[in-house]
Amino acid sequence: MAVKIAPCAAILLVFGLQLAARSDDDSALEQQIEQLRADMDAMKMAYEHRIGELERQLKELKTTVPTASVVEAASPTPLPGMKKETPDIPDLSVIGNIVGKFSDSHDAENRNKVLFSEAEVALQGFLHPDIRGDVILHAHRHEDGDYHYGVCEGYATFMSLLDAFTLNAGRRLLPLGKANAVHGHHRHFADSPLVSREFLGDEGHGPSGNGVNLAWLTPLPFFLQWEVGAWHVDAAHHHDDGEEEEALTYAPSDECYTTRLWSSFALSDDDELEIGVSGLSGYGSHFEHHTDRMQLVCADLTYRHIGEGYHRLIFQNEFFWLDRRVPSGADIDPDPAAYTGSITELDRFGLYSLINYRFDKTWDVGLRYDYVQKPFPVEPDKDDLSSISPILTWNLTECSKLRLQYTYDFDDKENSVLLQFVFGIGPHSHPLE
Amino acid sequence: MKLLYAFFCAMLVLLASTTGFAMDKTAVVTTTSDLANIVSEIGNDRVEVIGLCDGSHDPHDFEIRPSMVIKVRKARLFILLGMGLDQWALSLIDASRNSGIRFGTDGYLDASVCVTKLEIPQGKIDGSMGDVHPYGNPHYWLDPKNGLAIAELIAKRLAVIAPDDKEYFKANLAEFKKKLTAKIEEWERRLAAFKGTRIVTYHRSWIYFCDCFGLDVACELEPKPGIPPSPSHLAKVCETVQGGKLGVLLMEPFYSRKAADFVAEKTGVKVLVCANSVGGDEGAKTYVDVIENVVNAVCSALEQQASGDQEAD
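Chains as they are written, first to last, in this note's numbering: chain A, 9 to 441; chain B, 37 to 349.
FYI, nobody ran anything at the bench for these hints, they're computed from the structure.
Please note: incorrect hints may appear among the correct ones.
Covered stretches of chain B (in silico footprint by chain A; criterion: 3 or more residues with CB under 8 angstroms from a CB of chain A, positions within the stretch not fixed) [what the hints assert, rightly or not]:
1. 132-141
2. 262-271
3. 290-299
Derived pair list, reagent style PhoX-like, types lysine-lysine, alpha-carbon separation capped at 20 angstroms [what the hints assert, rightly or not]:
4. B:Lys281 <-> B:Lys302
5. A:Lys409 <-> A:Lys369
6. B:Lys160 <-> B:Lys181
7. B:Lys181 <-> B:Lys215
8. B:Lys294 <-> A:Lys369
9. B:Lys260 <-> A:Lys369
10. A:Lys409 <-> B:Lys260
11. B:Lys219 <-> B:Lys321
Ideal Cβ placement from N, Cα and C applies to all residues, glycine included.
Using the sequences and the hints, build the whole thing.
Below is the structure:
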């Protein structure tokens, strides 16, 4: 019996040991599985944490910085000149104007040269909720080759006197017509129209005066603004020392009074007609040497069509009538105050007509015709000037453009090409023009 | 001289009549047609609203005209998008001499104050980065949830301008919010299947829309904001589209289709020209229409792409 029990016990022992060993293996495997599961959970948590962290960082990058968000979310966008990042510092901008001139006339000024024609530095900002200050300094290369430095404009604007008037005090471009009140870099052409050059002495920018200008927005159901101004305009240079003949430049000088009626009618949602009449009464640039009174009337007519997308058509015309009074004949250089001799009245006329079509976000084309009778004692029909200029402009960005302008001068039979690059850096604004 | 005297007298009579405008309704001017539409939803027949720039024009590049001065002069409330997008409006406000709508008054409302702004640039900004807006990406109205916030802001400000109509505005606001919220839920349901889908856009103007509905913008046709597409950049865009199997290119109607068609021809991506503002196309008559049309177009294009992929598999 004992013999029989012993093998059974041994079998049972072996079987038990095998079972025990198998059970140990199972638990080890289970432990390994558990461990892997735990590792996986830990890894998952770590990855989720990392993803969460990255998402948080991404959101932070996309949204306002948290420390500033409370204030920024409650504050409107600051106006130009009110940037809160740089308190008390006005808007500062620089405009550069580079012009290359190529001509088949050997007498042409700055022929076959690329020149930095003009730099403008503008400082603009608010002084009070209703008062703005604008100072525009410039360095301008005149045709004599010298750079002229100065204050192009520097004025305070009292924006809503009696909710109907605006007062400018200081120095600014004379409010005459359309082109004269616009800075050169804002125009649709690379040079000044002949009539602006001959009647106003415009060599890239119109004449500026020191004084005041009051503009009244009339309470009519359409836009009608009436402006009156009193100015002291710097005497335009026209004589060199020892030079006896008058240089052929002419511009308003000394005391001048201006007025402008500016009206606009919306013909439809997309069409607008602007009509303006301006007048100037004052002295011509030779007033220091002899009697030189001038009256200037300018009528401007602009049609604008705004098409779909970026399409836009402008047809802009300005007509100038100049009445200049100078001493007659050879008696040309008396004391202006004491002069009692006869006076010659010179009636002169000039115009330009511009059509400009923007056909794309970046491209526009234009054509300008110029005509002017020179404001000097010569027969107007024998000494008039006229030209035609096709213009192509590539607006690279909001604040830079490249322009190609070809001009044919009908009188000198001169062909010239202007290549202009205008750029702006920094926030820059102008009133409604 | 007599003529001049008569002219002065006539002008004085006109001056005396300056305050003679009858203002039965609250006159509101907005820079964009979307804001105008939301104002009309809230103010309905108690307001007279004019939106200056509609969806057929680029609000970055809008040309103001003198005739608009008269509209702005009569306004008791002037609403801008802000963030530098519609800065052109400021010279209109100045020219109007309307001191009631100047910055800092109740009549001046910058709608961007009520939204979380995306992509506020950090550090120096200059032209090398393109036309980057220093206060962040300004196309926030394309997130319809921001539309809710804008409506609430406008209702509150209208109540300040015309307190007698406060309850009327409040009721209209509730109605508008109910309508828009239901639409947002519907749009979210429809676009839920496409969460994480990458699309291409022309300008970086659809960020808020994509953020709202979980879409991603893979790249833009413009190499930098406001800079026209260049051939080398378009080649990169084509690589991105082909590599990522992107199916949708979303753009506004005022941009030229030339670059988009080039990419479509090379890659097969579907070009969707959608108005991003009221008036941008015939179907975009209201703010809700604008978002709905974009959702419809995107859903339809992505569904087509998904079914095409299934057939290919």
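Item checked: Hint numbers contradicted by this structure -> 6
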